[in-house]
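**Q** Following the hints, complete the assembly by docking chain W with the ligand onto the known chain P.
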Amino acid sequence: MIETIYVEDAIQNHPKTKFILNKFKKSRIISINKYGEIFNKRNQNFRIQKANPCLILAHKKDNFVLPAPEGFGIGSSKNFYFSHMYNCIYDCRYCFLQGMYSSANYVIFVNFEDFDISIEKIIKNNLNTKVTFFSGYDCDSLALENVTGFAKHILSIFRKYPQIEIEFRTKSIQKEPFLSLKPMRNVILAYSLMPELMSNSLDNKAPSISKRIRVISQLASKGWKIGLRFDPLIHGENWKELYQELLENIYNNISIDNLHSVSFGSLRFPKRMFRDIFKLYPHEPLFSSPLSLNNKMISYDIEIEEEMTSFCKNLSLKYINEGQIFKCSI
Amino acid sequence: MNNLKKMKNSIRWVVALKEEAQVILDYYKLKPINEKTIYPIYKNEEETHWLIICGIGRNNAAASTAYLYSYSKASIYTSWINIGIAGSDKGNYGDLYLVDKISTYERKKSTYPSTMPKSTLPKMHLFTSDIPISDYTSYELIDMEGSAFFDIASKLTSKEFICLMKVISDGPKNDIKEITKSKISNLIKVNLYKIIDVVSYYERISEAEFLIIDKPELFYDIKSKWHFSATQSYRLETLLRRIETFCNKKDIEKTIKNCETSNSVINVLNTKIKNNLVNWSKF
Ligand code: SF4
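Going down the list, the sequences are from chains P and W.
Positions 1 to 330 (the working numbering) are the ones given, in order, by the first sequence.
Positions 1001 to 1283 (the working numbering) are the ones given, in order, by the second sequence.
Do not rely on the hints blindly, as some may be mistaken.
To list a few chain P residues with every Cβ distance to chain W over 12 Å, as calculated [claimed, not checked]:
id, residue
1, Lys205
2, Ile234
3, Tyr319
Just some of the chain W residues that point at chain P, by a computed CB distance under 8 Å [claimed, not checked]:
id, residue
4, Lys1123
5, Thr1157
6, Ser1158
7, Tyr1201
8, Ile1205
9, Ile1212
10, Ser1281
It should be emphasised that the hints constitute simulated quantities derived from the structure, not laboratory data.
Bear in mind the structure is a predicted one, so any value in this text is a computation, not a measurement.
Each residue gets a CB set at the ideal place from its N, CA and C atoms; glycine is no exception.
So that you can see chain P by itself, here it is in the shape it has in the complex (with noise of 0.2 Å):
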């Protein structure tokens, strides 16, 4: 239940604003001149506000898409990336989000028009290129479709362009748009996933793995590409048998024709962000893993994250190509 919705003055009567207003008749709408007069000031409990996130309208004026940090891609030669939506309302502990933005309220962006034009300019600069986009960098891509409608929007662009992949990157079990449609084989439903025992301590609020993979399978054998995000890779008591077990109760439950890719990704924070997020919640077990300072970045040393990654790759390659997986190295 969202109970404040802020909107800006300026998108009051944008058609997506009253179809999202529509779907909250209990809440308080307080109109405002600009997001940035809520979101992200000085002096907010992100931890507070998490607990009860309010909801803002508002109206994205530039960087519409951009390009993906170097390490992000999937095979591509250019990757580039889109957030209709800033914050997520799953709260997953090692989510950089926590550490990135000091407020907790979800922003959406409501003029997706913009967002169509900016994508299919860069399309046309790159007909000749492996390109890729990453749906929902600063959110989960698909977490509040229901609300936003905004993945069955942006699909309409990419059925134009077959050649273009799209990638959706989700902890969420919604199946729409996507059950509903004709397979488009330039979509990736990209699920990122742990071992169950480490998820139902670190990925709170978010559906649990085993409902994820009955929804991968389903999907998948509907014909939908799908990606595996084992990222971040989460270590400690039995890690091996809990990843070989996850792994193989995936590669088993899925169609494989259907397999996209697979990534392994490092959990890694840049230092200044541990910080906040470790100030947020400071008795979480995360943070008491051997995490230490490596590079600038708060990880684990180097050893366990290629001993996790070899392990998982060597795993799953009795399954998949060596061309299907990647590595997640941002």
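**A** Only chain W with the ligand this time, still in chain P's reference frame:
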């Protein structure tokens, strides 16, 4: 040594008139402090609740909020409450409202206080004016202090720890000239239990925040045995917080027992973390 340990929650009240404050003073057993101060200040025995009578107007509200902050040594986890009467033609006479937007003549931009979650109390947009307003039509709630209180309090803590509550005292059907001291006290009195309920939420978040920022139990003990520089102290605090999740006090003491220097304490604790295999089934 660690005085903070004794104080669990921390509440500061900023109230314009003694008549508005009286019911609060009685309920929370706040007594005048024994010193001469610029504004009258009251506190309870545990020194968790402090209240200042600021007088009417924005200048008084701003100055007294800052004054109470420094006088009472309020903390980052202190919750700030402003309660008072307000004019309105939108709400009902005598009803209590939470404020979630504040505007003034002087400033183009409004400010947006948070309100306690899941409250059934109605919320309104407050307009803070420097002069009494008799035309109520353009605003939901009208007062003379709220914006200044919020502006200063939000420099002292996060906005989630600030609360403005207003009881409607005048409007087109209730002439402002007919407000009396006893009417004011009564308006607050009839809402006392709602006010207590709201304030108990702010006590809870203040206490929860205190427990999060409070230094680890062993921090002061260890610091008294070895000499730590400022940077080392910070490292020690961080390491202790991390270790506390999987190691009890006795084990930590045992681990560092033979250390000769602060550096070796830090190294030993660091190694302990390096070797920790989190048992995820426990969490
Ligand atoms: S699902 Fe992703 S974006 Fe959402 S909280 Fe978890 S890590 Fe962050």
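**Q** Next, verify each hint and record whether it holds.
**A** Consistency of the hints with the structure:
{"no.": "1", "hint": "Lys205", "in the structure": "15 Å, holds"}
{"no.": "2", "hint": "Ile234", "in the structure": "8 Å, violated"}
{"no.": "3", "hint": "Tyr319", "in the structure": "25 Å, holds"}
{"no.": "4", "hint": "Lys1123", "in the structure": "6 Å, holds"}
{"no.": "5", "hint": "Thr1157", "in the structure": "7 Å, holds"}
{"no.": "6", "hint": "Ser1158", "in the structure": "4 Å, holds"}
{"no.": "7", "hint": "Tyr1201", "in the structure": "11 Å, violated"}
{"no.": "8", "hint": "Ile1205", "in the structure": "6 Å, holds"}
{"no.": "9", "hint": "Ile1212", "in the structure": "6 Å, holds"}
{"no.": "10", "hint": "Ser1281", "in the structure": "6 Å, holds"}
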